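Engineer: Order-wise, the sequence lines are chains A and B. Taking my numbering, the leading residue of the first sequence gets 1, the next gets one more, and so forth. Taking my numbering, the leading residue of the second sequence gets 1001, the next gets one more, and so forth.
Do not take every clue at face value.
[As the list claims (entries may be wrong)] Some chain A residues judged to face chain B by a derived CB distance under 10 Å, without partners named: (1) H220; (2) R224; (3) V228; (4) W254; (5) G255; (6) D257; (7) L303; (8) S361; (9) N370; (10) F386; (11) L389; (12) V398; (13) G401; (14) G423.
[Claimed, not checked] Below, a list of computed lysine-lysine pairs in the DSS-like style, where the Cα atoms sit at most 25 Å apart: (15) A:K282 with B:K1155; (16) A:K636 with A:K604; (17) A:K345 with A:K217; (18) A:K130 with A:K217; (19) A:K592 with A:K636; (20) A:K397 with B:K1114; (21) B:K1061 with A:K351; (22) A:K282 with A:K351; (23) A:K217 with A:K282; (24) B:K1155 with A:K397; (25) A:K217 with A:K351; (26) B:K1061 with B:K1114.
[Said to hold, decoys possible] Which stretches of chain B does chain A cover? Using the computed rule of at least three CB atoms under 8 Å from a CB of chain A, they are: (27) 1066-1076; (28) 1116-1122; (29) 1134-1145.
No lab work stands behind these hints, which were simulated from the structure alone. In this text the structure is predicted, and so the values were computed from the model without any measurement. By construction, the Cβ of each residue, glycine as well, lies at the ideal position given by its N, Cα and C atoms.
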Amino acid sequence: MPSHPMPEFGWFSLLLALGLSCYTFVFGSVALWRTRRRVGVAVDDGSGRLGETARRAGIASFIVLSCAAFALVWAAFTNDYSVSYILHHTNRALNPAYKFAALWSGQEGSLLLWAWLLSMYGFVLRVRHKVDVRLSAFASTILAGIQIFFLLLLNFAAPPFSIQPGPVAADGFGLNPLLQYPEMVMHPPLLYLGYVGFSVPFAFALGALMMRYPGEKWIHITRRWTMVTWLFLTCGIFMGAHWAYSVLGWGGYWGWDPVENASLMPWLTGTAFLHSVMMQEKRGMMKNWNVWLIFSTFMLTILGTLLTRSGIVSSVHAFAQSDIGNWFYGFIIVIFAVCLFTFFKNRDHLKSENRLESLVSRESSFLFNNLILLVACFTVLWGTLFPILSEYVQGSKVTMGAPFYNRVNIPIGVFLLFLTGIGPMLAWRSTSLRSMRRSFVLPVVAMVVALVTMLSVGLRPWNAGDDARATWFSLITFTLAAGVITAIAAEFLRGAAVVRTQTGKNLAASTVLLVRRNTRRYGGYLVHFGIVVLFIGIAGGAFNQSSEQEMGYRDQMTLGPFRLVCQSFTQDSNPNYDTEYALLDVYKYGKKITQLAPERRFYKASQTSSTIVALHSTLESDLYVIYEGRNPDTDKPIIKVFINPLMNWIWIGVLIVVLGTLLALVPNMARSAARARAELEPPVAEVHHV
Amino acid sequence: MFRLPQELKPRSVSDGESAKAEALAYPEAKRHWIARWTAATMVCLLAVVMLGATPGSRFDKLGHEMMCACGCGQILLECNHVGCPDSDRMIGELRQQISGGGTDAAVLNWFVAKYGPPILAAPIRGGFDNVAWITPMAVFLFAIVGTGFLVVIWKRRTRGAAVTVAGALDAATADAMRERIRRETEY
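Using the sequences and the accompanying hints, generate a full structural model.
Structural biologist: Now the structure itself:
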């Protein structure tokens, strides 16, 4: 029997990580149990030390899991095809970056990545435990419980270090060609950072409820965790969308595939949580709701993983069907039972301190925003699971494709856009008519101007024939977007004018000062602005055009303002793939603007092909060119061209969302300055006495 | 710039009428003038927007209501696999069915009969398929109406409680409370 030192090292690391996680969970729970009714009473019975050993075991599990991940990557780089996973997901000619990406390109590897990221989050949490020792101990123990589940999977159900029986193969089967794209090195880890990250606010929320945590400090502690996680998930989702747009070659970026839906659902509930948690922070309201929102978000991440891996719904990029779905069913049931039990046991701790006072208030807008986000989440979940329901009721599966989601989600999205605009304009508790008039006049004027402009330039849904629905959506979106952008700009300007009056600085400096004084608020506005820009980009989809043609030497194709002329078409080869491509000169209004080379690759190891889209991107539109293949009769390439208007606005919108979130994570200048002032100045009472 | 027509211009005091009558006549004339111009603008706007109707393409519409049968999970007209075993044939069948003069429903039924219900990109066969459409909309409406109803109930309860509290507060306490609220609710 040949020896396999690195895979064995990996196996051992996984087993050790499981042991350490069990230790953290069991002894962490014992330590918490023994101190449950003696908080603040200093009795040295060893519980504190036991808890500390549990914390350290949790920290060690990160180091051990890092070793396991390293072992798998090492096996990929050294072409160790004795490991079944490496054999099936890499080959010798594979680019090193993609060998690294092989870690998450299959079921077992991606589960290992999940477990490793969870241990990394746990590591940070445990190292920073002094923020609140007891709450951190609860969160650490809960995280260890989740970790045990994934390590059980890795050790017994989907082991990444399984040895391939028989003689070692000379070369591997290669990586799925669709994954051999730079963004695929980033997209899955970011998505997983988002998915896994929601475990942390979940653990804090469950822990806070278990220990009946007084006050809302746990929200302050978890706020950054939640925002960072949400940011990762946002980046992961849109990087995936960009990958689909650039690689799959169908001209779109979101196909409402079950796996895409699985990532969108926790994003929607996570967004709802980020909003409604502000109500708990500021007004002590919606405590039950928030607890269930974060519970649901975590359970949706697990459900998404279940959908991706169990094969219960068909998806083009779901992992191979396997029986690990049963493990996930069991895990979801356990998690749900624990959440339900903890909630009912401690629900008296979650009484609201205040109630809603007016329909026209910030609280009310948050409530509606939450409901709309949840309805959107329900719609996506419904669409994902309806084929199963239909099969059960009617005996036949149905397809829930893009037409269903687009039709159902458009009104929801438009209403959400509307709330994005009016929510921040409303005051907490209640908004007076005068204040509303002051806030809403400019946005309404902007909307009217935008509407008239759109109509006069020819955006008339009633004349759009079959595209009427999409054109209505665009018209409403552009109109609302004008209103929301004006409202946000007015907020900035109004605040900056006040700062200018106070400080005498110019408007730009005043705006910067204003933002630094309340980064959270203005970061939030920036995120809203990004969302509006993103909606504008999506609405541009109503005006997509496409054309397909066989193009020989000097053949031309015209689409919209563009004219494409084929200069040549040829073939090439390298150790990893054979390639065919065409060179096309692109003219706009008769002037040559660029040359594009759409390509089609045939990967030798996996015996599959993929498209490499050629793109000419501007703010106005994308010219999207695909090499579809050659006509076997004429040997000429078949070229498909799309004009996708406003496509870049989507990616710019996401960039603004990212910047806004980062800004919101920066501490306020006012708070730190006030803290510094408070340390320097004598108390106000003493000054009065003098 | 628009100019007021002579007959709608406010009459001057020198016309011999009382100042009161003039004050009454001026806004009325102005209202008439604004109404007339608004109507004219609306007519022009409607005329502009109703021009240029474009007929839609049935082929495009129906081709986007079906999936490719090859299992790629893409809409029929968006399937871009080289050598796809199904899309070219299906597109040909679609053209044939349309040129055969069948209605949209008949064309779709023909495809469902040949390839099975999953060939449709969305459930549109009626019966239980309608549940797919009704449920999200019902949940959406229920959520909106339910939330509105909930807010109204909460508001009523709060108003009752607020009156009691407000009555008990003196001016200084109210000011302090207001300041506290302002501080606490600033985000």
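Engineer: Please write out, lowest number first, the hints stated earlier that are contradicted by the structure.
Structural biologist: 1, 2, 3, 4, 7, 14, 21, 24
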